[in-house]
Amino acid sequence: MFKLNFWPKPDKHTKILIALGNPEGKYKNTYHNVGFLYADYLANTNKIDFKKYKNDFIYAKSENFVIIKLLSFMNNSGVPTLKALKYFNVKPEDLVLIHDDSDLELGQYKTSSNRGSAGHKGVESVIHHLKTKNFNRIRIGIRKKSGKAGQFVLKEITKEDLVILDNLFSRINFQNF
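Residue numbers (my numbering): 473 to 649.
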């Protein structure tokens with residue numbers, strides 16, 4: 473069992489965002505890591521720095537949100553997500569999970585709540601360890617008009633697609649949850 477840190481619960485206007493991705497450098501700019509890329513975008517645009525919590529996650533805190541990047545591999549996201557929620561004293565229903573979605577076309581995103589994983593292994597791990605699917609999600613589209621997800625999710629994002637994602641990131645409004 474791990475010891476709880478009694479960090480004051482964020483007020484009701486503060487959002488806890490957890491980004492899914494793979495921590496190794498070789499995955500940094502892959503389509504599967506768009507959750508991490510969005511977390512970096514938020515940290516950069518809000519001029520906040522990441523701090524490390526043990527070997528579980530890094531986080532950056534602003535007045536309105538805390539953004540967390542897990543330090544586990546995508547398919548093992550459940551345990552560090554649970555630790556992050558306990559560390560920040562947050563219930564699953566106050567979580568916004570950010571991840572790639574190969575069912576959505578590149579340049580699109582959707583928000584959802586209280587839904588299944590749709591086959592996303594990282595989301596499956598989170599649902600399994602939290603023992604609930606009652607949390608919010610921002611699903612960032614990575615699908616090309618042609619090609620199957622398995623063919624491109626771990627490939628490096630092209631420069632053209634990075635521009636599309638950067639434009640998309642500026643339109644995502646996580647405050648609606």
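For the record, the hints were derived by calculation from the structure and aren't laboratory data.
Remember, it's a predicted structure, so these values are computed and weren't measured experimentally.
Honestly, I wouldn't trust all of these hints.
To be verified - SDA-like cross-link-like pairs, simulated, lysine to any residue; straight-line CA separation at most 25 angstroms:
| # | residue 1 | residue 2 |
| --- | --- | --- |
| 1 | K582 | F641 |
| 2 | K617 | K605 |
| 3 | K487 | L514 |
| 4 | K593 | N548 |
| 5 | K605 | N639 |
| 6 | K523 | N645 |
| 7 | K617 | N639 |
| 8 | K582 | K631 |
Here is how each hint holds up against the structure:
Between K582 and F641 the CA atoms are separated by roughly 12 angstroms; this keeps the pair inside 25 angstroms, and the hint holds. With a C-alpha separation of about 29 angstroms, the suggested pairing of K617 with K605 is violated against the 25 angstroms cut-off. Distance hint between K487 and L514 is fulfilled; the C-alpha atoms sit about 12 angstroms from each other, no more than 25 angstroms. A threshold of 25 angstroms between alpha carbons decides the hint, and for K593 with N548 the separation of about 8 angstroms falls inside it, so the pair holds.
Between K605 and N639 the CA atoms are separated by roughly 29 angstroms; this puts the pair beyond 25 angstroms, and the hint is violated. For the proposed pair K523 and N645, the alpha carbon gap of about 24 angstroms is at most 25 angstroms, so the pair holds. A hinted pair counts as satisfied when its Cα atoms are at most 25 angstroms apart, and K617 with N639 qualifies at roughly 18 angstroms. A threshold of 25 angstroms between alpha carbons decides the hint, and for K582 with K631 the separation of about 23 angstroms falls inside it, so the pair holds.
Hint compliance for this structure: hints 2, 5 are not met, and every other hint is.
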